[in-house]
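J.: Sequence:
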Amino acid sequence: MMFTVWAPAADRVRVRVDGTDHAMTAGQGGWWQAEVTGTDYAFLLGDDDRPLPDPRSLRQPHGVHEASRTYQHAEFAWTDRSWTGRQLPGGVLYELHLGTFTGAGTFDAAIERLGHLVELGITHVELLPVNSFDGTAGWGYDGVLWGAVHEPYGGPDGLKRFVDACHARGLAVLLDVVYNHLGPSGAYLDRFGPYFAGRTDWGAGLNLDGPGSDEVRRYVLDNALGWLRDFHVDGLRLDAVHALVDKRATHLLEELAVEVEALSTALGRPLTLIAESDLNDPKLVTSRDGGGYGLHAQWSDDLHHALHVRLTGETTGYYPDFATPDALAKTLREVFFHAGTWSSFRERTHGRPVDTRVLPGHRFLGYLQDHDQIGNRAAGDRLSATVPAGLLATAAAVVFCSPYTPMLFMGEEWAASTPWQFFASFPDPELAEAVRTGRRREFARHGWVEADVPDPMDPATVARSRLDWTEPEQDGHREMLALYRTLIRLRRQRPELADPRLDRLVVAAAPDGSWLVLHRGALRLACNFGPVPATVPLDGTPGEVLAAWGAPGLEGSSARLAPQSFALVSTG
Numbered sequence: 006m007m008f009t010v011w012a013p014a015a016d017r018v019r020v021r022v023d024g025t026d027h028a029m030t031a032g033q034g035g036w037w038q039a040e041v042t043g044t045d046y047a048f049l050l051g052d053d054d055r056p057l058p059d060p061r062s063l064r065q066p067h068g069v070h071e072a073s074r075t076y077q078h079a080e081f082a083w084t085d086r087s088w089t090g091r092q093l094p095g096g097v098l099y100e101l102h103l104g105t106f107t108g109a110g111t112f113d114a115a116i117e118r119l120g121h122l123v124e125l126g127i128t129h130v131e132l133l134p135v136n137s138f139d140g141t142a143g144w145g146y147d148g149v150l151w152g153a154v155h156e157p158y159g160g161p162d163g164l165k166r167f168v169d170a171c172h173a174r175g176l177a178v179l180l181d182v183v184y185n186h187l188g189p190s191g192a193y194l195d196r197f198g199p200y201f202a203g204r205t206d207w208g209a210g211l212n213l214d215g216p217g218s219d220e221v222r223r224y225v226l227d228n229a230l231g232w233l234r235d236f237h238v239d240g241l242r243l244d245a246v247h248a249l250v251d252k253r254a255t256h257l258l259e260e261l262a263v264e265v266e267a268l269s270t271a272l273g274r275p276l277t278l279i280a281e282s283d284l285n286d287p288k289l290v291t292s293r294d295g296g297g298y299g300l301h302a303q304w305s306d307d308l309h310h311a312l313h314v315r316l317t318g319e320t321t322g323y324y325p326d327f328a329t330p331d332a333l334a335k336t337l338r339e340v341f342f343h344a345g346t347w348s349s350f351r352e353r354t355h356g357r358p359v360d361t362r363v364l365p366g367h368r369f370l371g372y373l374q375d376h377d378q379i380g381n382r383a384a385g386d387r388l389s390a391t392v393p394a395g396l397l398a399t400a401a402a403v404v405f406c407s408p409y410t411p412m413l414f415m416g417e418e419w420a421a422s423t424p425w426q427f428f429a430s431f432p433d434p435e436l437a438e439a440v441r442t443g444r445r446r447e448f449a450r451h452g453w454v455e456a457d458v459p460d461p462m463d464p465a466t467v468a469r470s471r472l473d474w475t476e477p478e479q480d481g482h483r484e485m486l487a488l489y490r491t492l493i494r495l496r497r498q499r500p501e502l503a504d505p506r507l508d509r510l511v512v513a514a515a516p517d518g519s520w521l522v523l524h525r526g527a528l529r530l531a532c533n534f535g536p537v538p539a540t541v542p543l544d545g546t547p548g549e550v551l552a553a554w555g556a557p558g559l560e561g562s563s564a565r566l567a568p569q570s571f572a573l574v575s576t577g
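Going by the numbering used here, the first residue of the sequence shown is number 6, and it counts up by one from there.
Misleading hints may appear alongside valid ones.
The following label-pair restraints were derived from C-beta to C-beta distances [said to hold, decoys possible]:
(1) 446 / 317: 18 to 26 Å
(2) 446 / 109: 29 to 37 Å
(3) 454 / 255: 45 to 53 Å
(4) 550 / 391: 26 to 34 Å
(5) 454 / 32: 55 to 63 Å
(6) 501 / 294: 25 to 33 Å
(7) 271 / 295: 23 to 31 Å
(8) 538 / 255: 53 to 61 Å
(9) 78 / 284: 44 to 52 Å
No wet-lab data here; the hints were simulated from the structure.
Note that the Cβ used here is the ideal one computed from N, Cα and C, for glycine as well.
Required output: the full structure, derived from the provided sequences and hints.
T.: Shown next as structure tokens:
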């Protein structure tokens, strides 16, 4: 087998294969190679006798500090030859953390729950990061070996079995990948070459535009293409792309979009790129011939924030601007609330307007909850812990009847009572204590009591965060699950609900924001967020009630709604 590694500054490189060291030969561009027979391997740089795992490792059976293991993609027996993929427009996404989705926290255990997702009406399963990180439990955003699947989840074959099983059930798989930083333990890339440049809020950032950055960019691109090609994944969710520092004429994101488009053509199935971005910049999802990067979609935090404030009344942190009565209606119409306008949280103007005549709504993900917005609360409490069921149902109806691509976080569909808290499991005691202390201090600065913050290193924190699969059949949870199934079914059956044309969306709202009506063709979604009954104008003669929470009354051209309720009504 040919072992290769990029180490441009090294004067000597050896590869240790199954315990025996072998000299490597220098080649062009800083690449070293050696043909050796064996399975477990690591590299030794210069006169340093410390073996380091392969930066491009495909398997780490003993963790991120130990030797890599060879892995052959061709040996897996795929059964998805007839899979032609799923486009994102018209889709419904389900964000899932593999380690807490089931009690076992493995790919094989998750496969047993796929029937639930099919029955719910999900089209795309979005996995939080599954690449290798130090420890056994964690969110996945502290990964350091981007091509190796976390062994406790089931390793590379486990991921392939999961993707294969999803495709057999008509589900596409999206994978969350983190290219903006590396985790604090096991990040050895800088030993090999000029991989790092500066730091982000979360760790070392990549050198994307400095000397030696050509190979660093290739490292990212090859990793992304590998998930799509070798693991048959259908798309990638790109974490916090605003933290990618790249001053080149062709941004890394555009370069990635070009190469993924070429791969999609070769594979004959759609491949999707979704960005998480704090920039409020439609350039990310504008086509390349329109001067954009050509990504397929991006998360829309502004819609989440507007809904969150409307439901909870919270106005701390980045929420104050969204407390204005028109925040939700404005965000539904215009995508971004901050669009070249003042952001009090940032103390500056922020964002750029979306041209709703040109950009379709399916390029923006709408959601009521996600892993960040739950897990980055001190107690990891879901909205269901404090928000009445009627308000949860009403907000869900807004998401599923909007022109945006809807996404939900695992368990949301039955108003799960289990929290989803921040957890990690770094073996290094000093690092574990630093994370524990830093997390508590961070929350204290935002007004939470330090003693109320769960210990992220305590296994009980992980246990509390696992879904309870007995809940969907229990009173209170069963009704919410039935509603989610109905809303998703109606979105599929009634094309006007999934219509992505933003310039055709009409939103009417009360001056104080207490009620709101979405006009979706001949359908009306009437919502009462307030604590008292409301008569809501429908601008048409009401007909059939397609879905509702509460018992709406139809009077003339209006709907009479109970407090904290909604009705989806056809009109003539």
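J.: Now, for every hint given, state plainly whether the structure supports it.
T.: Consistency of the hints with the structure:
Take residue 446 and residue 317: their Cβ atoms lie about 24 Å apart, and the range 18 to 26 Å holds. Checked against the given bound of 29 to 37 Å, the beta carbons of residue 446 and residue 109, roughly 34 Å apart, stay inside it. Distance hint for residue 454 and residue 255: a CB-CB separation of about 48 Å, consistent with the stated range 45 to 53 Å. The beta-carbon spacing between residue 550 and residue 391, approximately 29 Å, falls within the hinted interval of 26 to 34 Å.
Between residue 454 and residue 32 the beta carbons are some 58 Å apart, a value that agrees with the proposed interval 55 to 63 Å. Range check, residue 501 to residue 294: Cβ separation about 29 Å, and the 25 to 33 Å hint holds. In this structure the hint that residue 271 and residue 295 lie 23 to 31 Å apart at CB holds, the actual value being about 24 Å. One distance hint, 53 to 61 Å for the beta-carbon pair residue 538 and residue 255, holds here, with the actual separation near 57 Å.
The hint said 44 to 52 Å for the Cβ distance between residue 78 and residue 284, and at roughly 35 Å that hint is violated.
Of the numbered hints given earlier, the model fails hint 9 alone.
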